[in-house]
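> So you can see what is in the structure, the chains are spelled out below.
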Amino acid sequence: MNISGILVVVPPARIEGATRALNALPGVEVHHTEPTTGRIVVVQEAETVDQEVAALSRIKALSGVMLAEMVYHVFDETPPEWDAIPADMAAS
Amino acid sequence: MELSRRNFLKSGVAAATAMAVGIPISRIASVAAAETEQDWRWDKGVCRFCGVGCGIMIATQDGKIVATKGDPDAPVNRGLNCVKGYFNGKILYGKDRLTQPLMRMTDGRFDKKGKFAPVTWDQAFDEMAIQFKKAYEEKGPTGIGVIGSGQWLIQEGYAMTKLMKAGFRSNNIDPNARNCMASAVAAFMQVFGIDEPPGNYDDIEYTDTVVAWGANMAEAHPVLWQRVIDRRLGHADMKVVNITTLRNMTSEGSDLEIIIKPNTDTALLNYLAREIIHRDEVNQAFVDAHCVFCAGPTDIGYGMRATDKFAFEAEKDIQAREIEVTLTRDEAIGLGLDPEQVHTIKQANAATADRHWLVGFEDFKTGVEPYTLDFVAELAKGDAEESLDAFKAKLVRLADLYADPKRKMVSFWTMGFNQHVRGTWVNEQIYSVHLLLGKIAEPGNSPFSLTGQPSACGTAREVGTFSHRLPADMVVNIAKHRDITEQTWKLPPKTLNPKPGSHITKIMRDLEDGSMSWVWVQVNNPFQHVANANHWLKAARENDNFIVVSDAYPSISAKVADLILPVAMIFEKWGGYGNAERRTQLWREQVPPPGEARSDLWQILEFSKRITLAEVWKDQAIPGLKDEGFEEGKLPDVMASAQEMGYQPEMTLYEALFETPENKAFAWPDPVAKGHDNHTVKHLGVDWFVEKALFEEYAAFGRGHHHDLAPFDVYYQDDVRGLRWPVVDGKETPWRFNAKYDPYVKNGEIEFYGGAMKELVTGNLTGPTTEEKTKFPGKAKIFFRPYAAPVESPDGNYDLWLCTGRLLEHWHTGTMTRRVPELHRAMPAAVLDMNEKDAEERGLKRQDTVWIESRRGKIKAVIETTGRNRPPRGYSFMAFFDESVFVNKLCIDATCPISKEEDFKKTAIKIYKV
Ligand code: SF4
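In order, the protein sequence lines correspond to chains B and G. Going by the numbering used here, the first residue of the first sequence is number 1, and it counts up by one from there. Going by the numbering used here, the first residue of the second sequence is number 93, and it counts up by one from there.
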């Protein structure tokens, strides 16, 4: 499980529509908006980082979005695994 | 995770995100943020990926990184990160992270043909030392080499430079930054006499215009690009221009996209210079007061070997151009020669390509005169489907922007300029344009060379890890510089070797021809990133040599090595980086390295314990050494004078170079650590603060000499987010050479005070005409450089251009980013981007798997015609992150003859269906 905080910027006049569009994306929630500047903070939750990166691309592709960048990232809790010797190397 | 806890965490993340970017939030929300983070330890760090140098905050708990965020207080990125920055914490935890030394063994002994098996650190270093001594005894200091990195920490690069140059007396140390910024460096030295940019990133917020030349900033420097986009939104007059050989993501944020043919940037810059003169927009007062004009030889070759002894049969026709070349029609016109005549030129100045001399303004004017709109438009138009008139209109528009005296101009460039057979020239030419206009060294007016790697500036350049350099812009072949360095390092006179060593491509060639047989690679992946890889892979595995690779993951270089040393990564060690705007940033060790992995610094110091002074400070053969004060081909025995200085023959290099009384005075533990650990110190078993001592020792070179760094501890203060050197009296220098901002300016408002190469003979465009030298302190040089065709262009057989570069999601050879499996899946395999019509013409369509073949090798890849890079007809692009699509097997290892940086942007290929 990965949670990230993303800053989205849209023209102030379009903030309401953008908020609706963002909330409609799977795993995306709008938490804070600043109508005067068009800045929106969304939280993105995803099973994998893959889904998060894809979601960021979807946010960037929304009409009116001028900027969408990750600001905050909490990592999943899977412990790291260590392989002493990668299989492909031992065989080489 | 239960729902309520997760919701709470999300509110916390949202609140913390809002706070990071300065959006006001309710008190309840800020409580949620605080509670989410309450058990975490936060500390500042620097992004490990690109040369932008974004600040990040790192949260750790129980020895692991649990969260990262863009640092809201970092002036570079103000809370933002790009996708790569976001993975700084992730890259430590790849499944195949190397955690113990591995050596090729058979029956419990080292065997070059053996399989990798785990060994102890002692076994590893013992074998490494045996092999080192074998190579060193047989071939001397030129028989060993180190390939380092623009990702080396400042202290690592410094320690290795000292070990190689002072200890082993070898200049065969060169960073991968050679292939990223050497052309920028050479031009800085030639034009200003001092390395690194006058301006800084803040120029973006002061300017009216950004022109990206051969720099896909939207993908390669995303956070900086974001600042450009912000400025464009907030400043009505702002114009953004993308000059490129293919349509890319940067085009999307630009007002003007100019698609040019490879290498024609040199012609385009001459067109701009000519326009500025013809429109009478030369800033005469500025030029008279602060500039001189220069020219140099044009018969300089392409940095290839001067023999085809090692070339594949198919390479030989191109190789021959290193000896002699027939000028193209356009080259002849650009040199002011009769294009109807055949001009065959011997490459007489291949070894002296950096020679130059003073000329007059009239000579310069004569030089650029052939570069008319008609000539340059015909030559440079890169998109066959664009009309000549439309293209001409764009060039005029570009000239309008540059020449407008009221308009502030920022020019950014990276690899399109630097990785170029005339990379130094084209860097010089952009300065020529800015200098003619006086648009330099003040807020908003800035020719700015971007860097690819996080410490290409801070380590590779400032520390001087190149084969010809010493710290603080000094070089090995100037006696005075060697003297200063020998005194600072407390070395006997004539310890240092005056003969520049092998640059990175030459280290590979040395391995191939057997003149080098021991190489240590740190923090980079040269067997993947050096062009013409088939030669070097074979040399590494089949010749009698010993290759050590320090790496975190099994990269291609690790796999071709004989010994792999597992390393600590970025936040597993204390360190520092310097970004492209001269900003030095230091961080603390945040988490312990896994298993037996240790910092590169620890490895350098431990290895230095295995070599004694008697083994290195005796007389040494250096083939080709001819410097004054030295016996030909020899470095003297300096042991006698060393003994007078208190050294003993049986002392180790560790004792002589590193564990000095001065360094031991920096005690560990140190309050600056605030409870953070130091595994390097712990495993060395010492009580001195190695990273601090080496930083201070290194900083002594630059303080008072235009390169002042602040004291080590200052960079760790909570209110400091890196400082742009020179840091004088506690103050950083945002704009150099300008008296308003730069305390080193002593004469007038503008002074280009860099001291290198500021005394020259005078001549005309064809050569010097006097022997008398003129001094011009405080001035910058405006170079005339003609158009030169690429060494290799498409022909009837290899009929397509191939350009290589990088992508947003991946970084360079992908050793780290490919380890984040999700990131890899987002952009799984490198594809060949090409024009749909070119594909059709060859009976191909997108997603077809094809063979791509050059004179140097062939690889298989999938083609893409609708990707984010849209090449014009005749042109194709491939990223180089993917080791399974090994594009550098195709690329030519030609370099800029001045900078020795490879041209990865122009290889002729053919493609056909598998
Ligand atoms: S722009 Fe560069 S330094 Fe900044 S976060 Fe991205 S990769 Fe890191």
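To be clear, the hints were calculated from the coordinates, so they are not data collected in a lab. Errors might be hidden in some of the hints.
[What the hints assert, rightly or not] Okay, the calculated bits of chain G under chain B, using three or more residues with CB under 8 Å as the criterion: (1) 150–161; (2) 243–257; (3) 315–325.
Since the model is a prediction, treat every value here as computed from it, not as a measurement. Glycine included, C-beta positions come from ideal geometry on N, C-alpha and C.
> It remains to establish, for every hint, whether it holds in the given structure.
Hint check:
1. 150–161: holds (count 6)
2. 243–257: It is violated, with 0 qualifying residues against the three required.
3. 315–325: holds (count 5)
Hint 2 from the list above is the single one not met by this structure.
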